[in-house]
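The task is simple: from the sequences and hints, build the whole structure.
Spelled out from the first residue to the last, the chains are:
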Amino acid sequence: MPELSRRRALTAAAALTATVGVQTVSAPATTAAGAAGGHDHGSPASFDEVYKGRRIQGRPTAGGGHHGGGHHGAGYAVFVDGVELHLMRNADGTWISVVSHYDPVSSPRAAARAAVDELQGAKLLPFPAN
Amino acid sequence: MTVRKNQASLTADEKRRFVAALLELKRSGRYDTFVTTHNAFILGDTDNGERTGHRSPSFLPWHRRFLLEFERALQSVDASVALPYWDWTVDRTARSSLWAPDFLGGTGRSRDGRVTDGPFAASAGNWPISVRVDGRTYLRRALGASVRQLPTPAEVESVLAMATYDMAPWNSASDGFRNHLEGWRGVNLHNRVHVWVGGQMATGVSPNDPVFWLHHAYVDKLWARWQRRHPGAAYLPASGTPDVVDLNETMKPWNDTSPADLLDHTAHYTFDTD
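Residue numbers (this note's numbering), protein chains in the order written: chain A, 9 to 138; chain B, 826 to 1099.
To give an idea of the chain A side of the interface with chain B (calculated C-beta under 8 Å), a few residues:
1. M96
2. N98
3. D100
4. H109
5. L127
6. Q128
7. A130
8. K131
Hints listed in this document are in silico derivations from the structure and should not be mistaken for laboratory results.
Quick reminder that beta carbons are idealized off the backbone N, C-alpha and C, glycines included.
Right, dumping it as structure tokens:
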């Protein structure tokens, strides 16, 4: 399955990029919505909070305009205790994550909170984890 | 010829053989390759990019082929086995025989969602969750916890009545039969069932729960019913659609089958009832 391998390789590459990206962020941002600019649809604001004892963070990503890389086209990244949660934006502006993939919610923060609820304290694995 | 039966009508022997074949695929490592493939497509299929397995017209033929591959794997273990389907409009509570200890086991315990009975309970030692997105290695469910009701027969009927297979923009925003069956719009059939089961079934690695196959076998049956209802209606789009699998284009990851090749399920199996 060469195509699948390519897809997975690109996913891994995207994950690496995202990890490097977050390390260069100097402080938790409180960017206004749409600050990332140039996206098809403006990105939601960044957030950083402790929810049910876990740190959840979200921010627009610089590479958000890229498509076809396997790793969403969301233009936004979410982290639970520093581990990226795979996130996807639907055409109607709702959001889903890999741990709640069939149940759209209104914002990346809501997706992060839904993930914390779902995880029941378990550690998120970096993707692709397998 | 393979006959796919309603899970509620399986004999004790048929249940035993189905479960044994699942456990053997798991033991050999073949089961988890299906989970990996599904998750790769879940992560990769996007509304504004390439989309094949989900949120696109090929959701139905892609899963038909995916289930055929899985059924053939089961049959390589035990040639008598066919995929059963779960009609969730009828067997709609956690008390259904589907969830009994002699078949799939029941819901998870409240503390951590862990399934504690049946052949796939972690305690039985035969069902490690290896392809996963978090640290938990045991099968989890929360039947009816995140959404109270499974779809009703009337809701299914309202979707089967839709005469157009799919519509632009060919994604989760589309009107038409495919997207209403998939559940991103409207009364929500397929997606809602994943949410109702909970646990791994609500995630990108949903095939970790064997009920995935019974759910999708019924979604597949609903496609066949829709085809009989609308004999003049065709798979759409026909051609020339970027990022979307047209009627005669081949689908990843197999690259040797198009939706056109999969429209007629009777080449591969029949159902116990129409």
